[in-house]
Amino acid sequence: MAEAIIEVDHLSKLYRLGTIGTGSFRQDIQYWWTTAVLKKEDPFFHLDTEEQAATRRDAIWALRDVSFEVKRGEALGIIGSNGSGKSTLLKIISRIVRPTRGAVRGNGKVSSLLEVGTGFHQELTGRENIYTSGYILGMNKEEIRRKFDEIVEFSGVEKFIDTPVKRYSSGMYVRLAFAVAAHLEPDILIVDEVLAVGDAEFQKKCLGKMRDVSQSEGRTILFVSHSMQAVSNLCDKALWLEKGKLQEIGDVGGVVNKYITGIQKFRLRHSWESPEEGPGNEYVRFKHVEITPHLKHEDDPVDIRTPLTLRFQFWNLMDDVELSVGFVLFNYTGECIFDVPSPSIVYKKGVVEGECTIPGHFLNDGSYYINLHVVRDTSVMLYAFEECLSFDVEDYRGNIKWFGKWWGAVRPNFPFRLEQNREKTILQEKSL
Amino acid sequence: MAVGEKKWEWEIQAKTSYLGPGFKELWSYRHLLVNQVRRHFILNYQQTVLGPLWVLFQPIITLITYVLVFNKLVGISTGGMPPVLFYFAGIVLWNFFSDSFTGTSTTFRENAEVFSKVYFPRLIMPFSVVTTHFLRFMIQLLFLFLGIAYYTVFQDFSPDLSLWVATFPLAVLTVGAMGMGLGLTFSVLTAKYRDMTNLVGLGIRLFMFVTPVIYPLSTRPDEYRWVVLLNPLTPLFELFRLAVLGEGTVTMLQLTYSMVFAVVILLGSLLIFNKQGDKLIDVV
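Protein chains in written order, with my numbering: chain A, 492 to 923; chain B, 665 to 948.
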């Protein structure tokens, strides 16, 4: 069995919320007096029990009692929703911030890559920045000299190496910055979301480079990402943090699946008892909205293959009015993917029901939200129920060996024919 | 697996240490120090009209102002020394002190971005600032020596050089230590309380007036001289002028006072810096 290289031991981190302003000087003195002079407990943090901590509003546990072990040569993916403590954990292991309680112990040199281009300065040339960034990340002179050419080649900015980086395009900048980081040789490499930047081509290159590092060179990697695809491909183990607590650790496939289904359960369904409670106005009030994935097993994640059915009901509060509903889907950058209208029909007062299905193999992976527009006479917007539902579509690629972000707002599965024209090939061969 | 028997190379805990990273780790980052010094120079002079000439331009303009205002208009005596040399000696040493002090006093504020993304011994940054200002000071000092040579040859000025000349590195190093010590202390304060930055700027400007920069100690009236003497920088400025220009009033006792002050403030501030440094990232 491989030896443990990092041990995280009951790690907790507390953040004080609110402004640290003029009041803090007095508090600091008071704190110093009670702890250093009177040798008493911290006057501001009586956090011996969980209940007490939970009631505090001005403090938040970014991490709570997290313990785990990483073995040499392992690639551990850290996943969790925003604010679950992933970055805090990495920052503590990187020695940037101190824990409130607990400890991290380890062996070997640690390099952290929490952002692309740490230590870069706009006015300096590419060459100078390679050195500055390299030193800050913990390389020594010999190491950088030895790898300089390799770094430049990896980044592909040879021509501009003596130009200040402020004149670089953002893509070039990112490539150069990552190239430096990719050539670090620590025992433990800590990487946080750096793949979120850069073009798809380069992302692929980076992922490849990192995989080489962990697999062939036996280096330990801690990797935070929101891309489950990247985590699944790069890591053999995964750790799921939720609200600062360790939810699950183990084999990457199992943890990622549980995490995806865990976060998807929510926000798929809303119901309202009476027209008074439902969202709407004097014309219409919503009664029920839901989006249902068609899954073989209840625990399966919703991925790009899954058809999704939208169902909704609303109270029509007007008599004899011609109504239609627009089903508008947005992705999380706020781009409209489609706006599908229903037929326009005359309705009496009462509940109106509707249903529409998005086929499988149509949406790309990502997060989406739905707006429902109730329209009169195909022209007058009566009510726009904004962001009424939201859902995530996970990636699925089967045997495809490309791991970068899949381009496009949609990912339809159109019939695609690709073949070789045999006659022509034969003719060409003959002419040779 | 037997827990507790294992040997770990490093441990990160809630408690921070006064001793900090230790010399070995600092040494392993020496290239970063050199690189940062280079970077300070490049950044200051890249895309400027005068370029590296700024090292001399700034003190020379100050010198002209001081000569015009304090010497010609106000008429402060320079105690028999040529005003140009007298002021220039004061200005370069004062600049070294005040730049070292203000430069290091914003260590956390200026480097918050990079400190929050990557670990390296934080002390590298203030050390690089002081080193930069030291090199700048050395260039200016060379210019001062040229000035002295010019006055000796063409202007009938004869500095009575004595053995004191050998002591001027001591004056310079002590001034640097004091600037860095005070700067490190304030770097912790400016990180926590924003208004400290203003206080540093204001304080340093006022502090100059109780330091013999624009006047020699010997011309101060006896009943107020203690105010100036209380300032631990005073003996150092007097010693510096005594060494390079041959005039200044300083006793061994005063000098000891300055040195003890400098050593205490530097060691004390290093302890505070190490102890507080890692906690400050949450606050900045």
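There could be a bad hint or two in this list.
Here are the simulated lysine-lysine pairs, DSSO-like style, with alpha carbons at most 30 Å apart [unchecked claim]: (1) B/Lys856 <-> A/Lys562; (2) A/Lys638 <-> B/Lys688; (3) B/Lys736 <-> A/Lys600; (4) B/Lys943 <-> A/Lys600; (5) B/Lys943 <-> A/Lys734; (6) A/Lys632 <-> A/Lys736; (7) B/Lys688 <-> A/Lys736; (8) B/Lys679 <-> A/Lys695.
Ranges of calculated distance between the beta carbons of each label pair, as one might list FRET restraints [stated by the list, open to error]: (9) A/Trp893 <-> B/Leu799: 22 to 28 Å; (10) A/Lys650 <-> B/Arg858: 41 to 47 Å; (11) A/Glu634 <-> B/Thr712: 50 to 56 Å.
If you're looking for bench data, these hints aren't it; they were derived computationally from the structure. Cβ coordinates follow ideal geometry from the N, Cα and C atoms, glycine included.
field: Whether the CB-CB distance between A/Trp893 and B/Leu799 falls inside 22 to 28 Å
entry: violated, 52 Å
- request: Could you grab the alpha-carbon distance between B/Lys688 and A/Lys736 and see if it respects the 30 Å cut-off?
  value: Distance of about 36 Å is beyond 30 Å: violated.
message: Holds or violated: the 50 to 56 Å window for the beta-carbon distance between A/Glu634 and B/Thr712?
response: violated, 33 Å
message: Holds or violated: B/Lys856 and A/Lys562, Cα atoms, limit 30 Å.
response: Not OK: B/Lys856 and A/Lys562 at ~39 Å, beyond 30 Å, violated.
message: Check the hint pairing B/Lys679 with A/Lys695 against an upper bound of 30 Å on the C-alpha distance.
response: With a Cα-Cα distance of about 41 Å, the restraint between B/Lys679 and A/Lys695 is violated, given a limit of 30 Å.
message: With the threshold set at 30 Å, check whether the alpha-carbon distance from B/Lys943 to A/Lys734 stays at or below it.
response: holds, 23 Å
query: Between A/Lys638 and B/Lys688, does the CA-CA distance stay at or below 30 Å?
result: Given that 30 Å is the threshold and the Cα spacing comes to 25 Å, the pair holds.
- prompt: Do the alpha carbons of B/Lys943 and A/Lys600 lie within 30 Å of each other, as the hint requires?
  reply: Roughly 22 Å between the alpha carbons, so the hint for B/Lys943 and A/Lys600 holds.
Given pair status - A/Lys736, A/Lys632, alpha carbons within 30 Å: Given pair A/Lys632, A/Lys736 is violated - Cα atoms ~40 Å apart, limit 30 Å.
query: Taking 30 Å as the top limit, are the C-alpha atoms of B/Lys736 and A/Lys600 close enough?
result: violated, 62 Å
41 to 47 Å as the expected CB spacing between B/Arg858 and A/Lys650, which holds or is violated: Between A/Lys650 and B/Arg858, where Cβ atoms are some 44 Å apart, the hint holds.
When the structure is compared with the earlier hints, violations turn up for hints 1, 3, 6, 7, 8, 9 and 11 and for no others.
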